[in-house]
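Q: Put the two chains together into one complex, using the hints given.
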Amino acid sequence: KNQVEQSPQSLIILEGKNCTLQCNYTVSPFSNLRWYKQDTGRGPVSLTIMTFSENTKSNGRYTATLDADTKQSSLHITASQLSDSASYICVVSAYFGNEKLTFGTGTRLTIIP
Amino acid sequence: DVKVTQSSRYLVKRTGEKVFLECVQDMDHENMFWYRQDPGLGLRLIYFSYDVKMKEKGDIPEGYSVSREKKERFSLILESASTNQTSMYLCATTGTGAKNIQYFGAGTRLSVL
Numbered sequence: 001k002n003q004v005e006q007s008p009q010s011l012i013i014l015e016g017k018n019c020t021l022q023c024n025y026t027v028s029p030f031s032n033l034r035w036y037k038q039d040t041g042r043g044p045v046s047l048t049i050m051t052f053s054e055n056t057k058s059n060g061r062y063t064a065t066l067d068a069d070t071k072q073s074s075l076h077i078t079a080s081q082l083s084d085s086a087s088y089i090c091v092v093s094a095y096f097g098n099e100k101l102t103f104g105t106g107t108r109l110t111i112i113p
Numbered sequence: 001d002v003k004v005t006q007s008s009r010y011l012v013k014r015t016g017e018k019v020f021l022e023c024v025q026d027m028d029h030e031n032m033f034w035y036r037q038d039p040g041l042g043l044r045l046i047y048f049s050y051d052v053k054m055k056e057k058g059d060i061p062e063g064y065s066v067s068r069e070k071k072e073r074f075s076l077i078l079e080s081a082s083t084n085q086t087s088m089y090l091c092a093t094t095g096t097g098a099k100n101i102q103y104f105g106a107g108t109r110l111s112v113l
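From first to last, the protein sequence lines are chains A and B.
Mapping of the first sequence onto our numbering: position 89 corresponds to residue 89, and the numbering continues sequentially without gaps.
Mapping of the second sequence onto our numbering: position 28 corresponds to residue 28, and the numbering continues sequentially without gaps.
These are calculated hints, taken from the structure and not from any lab test.
Just so you know, even glycine gets a beta-carbon here, dropped at the ideal spot from N, CA and C.
Just so you know, not all the hints are guaranteed correct.
[Said to hold, decoys possible] Label pairs and their calculated CB-CB ranges:
hint, chain 1, residue 1, chain 2, residue 2, range
1, B, S7, A, T70, 41 to 51 Å
2, B, L113, A, S74, 35 to 45 Å
3, A, I12, B, P39, 16 to 26 Å
4, A, H76, B, T83, 36 to 46 Å
5, B, K18, A, Q3, 26 to 36 Å
6, B, K71, A, A68, 31 to 41 Å
7, B, G16, A, I13, 42 to 52 Å
[As the list claims (entries may be wrong)] Among chain A residues calculated to face chain B with C-beta under 10 Å, some are:
hint, residue
8, V4
9, Q6
10, P8
11, Q9
12, R34
13, Y36
14, G41
15, P44
16, I49
17, V91
18, K100
19, L101
20, F103
21, G106
One chain only, chain B, in its complex shape (with noise of 0.2 Å):
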């Protein structure tokens, strides 16, 4: 069965904080991706990855950075949280060539006070 793993479901911090949210996919998929979701917009990406150490900015990636140290995972790092950052965050993957399914992960609900 696939599974895509984030490390927490729910997560609160304070403003200034630095966050780490991890995701862990066991498919052995090159392509690994971060999007945020807020009520009333779509998904948006934040930055992805089509190889270990490889990573590119997508639509919103100001304030965000990220980690691919190995295949099977891809960290999302917000170095000094605000709380415009409070939001459901979505790590998904999928293989390569084009139609193939992407997988999400159950999502991580940060709160930043």
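Next comes chain A alone, as it looks inside the complex (with noise of 0.2 Å):
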């Protein structure tokens, strides 16, 4: 069964500080693993997108790793503002002719001033 599991389930942090959230998954066929950015009562946005072949991707203070061998994915969040409080979904494709999309349960990031 195709499964993504999320580390830390929520997190504290400190306005200015760095943190780093954990994915990790059961999928095949590989296809692609993505971070979403939630919003409280809003609809996630995407901020990554990585392929098997892609170890690092940048969008700005976001930086996502990818190491298929392991399959495990981080997103690093630097110097974090207060706006980066909200819920970091973590999804993992399967392409079997069709794209078929597993969802972490997220991670509940809060940025204290």
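A: Here it is, written out as structure tokens:
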């Protein structure tokens, strides 16, 4: 069964600090891995998409890494801001002719001033 | 600017009522999706559509149906709402091909009393 597990479930850090969120997956056949940011009461917004051959992808202060051998990904947030408070969802895509996405349950990040 | 518009942000319905959730996109995307999101669970796919008048069951289609009469509009129907369908409902779209960004609507929070 395809699964995506994220850790930690929640995280509180001080504004200006860095943090790293983790994602482990068992999805096959692997197509790509995505990170989304979801603000409270809103729909998710795509941050990065990485294929098998991509190890690192950046989007501003967000940097995602992918280790396809160990089936792990991380999302690193640099110099956190209050606006980074959100849920971060890891999503892994399998491709069988059509794309099927498996969603993690997310990490709830809170930035405090 | 990309737009996926869900007709209602909040809805309160009674058990047994027929409920329509509407989603409209302005990106000329072929693929449209309906998910529900519940605390502690990842987004779960209810139905999706790859073309007009096409529909495919997702992982949890029971109690739901969909309609796609026009490319830009994808409707989710709860034939007889039940309390266990209280949830956040999210519509999403993508273009064709792999590694396509998925765009989400703002969500509809449905309460069934």
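Q: Any hints from earlier that this structure breaks? Give me their numbers in increasing order, please.
A: 10
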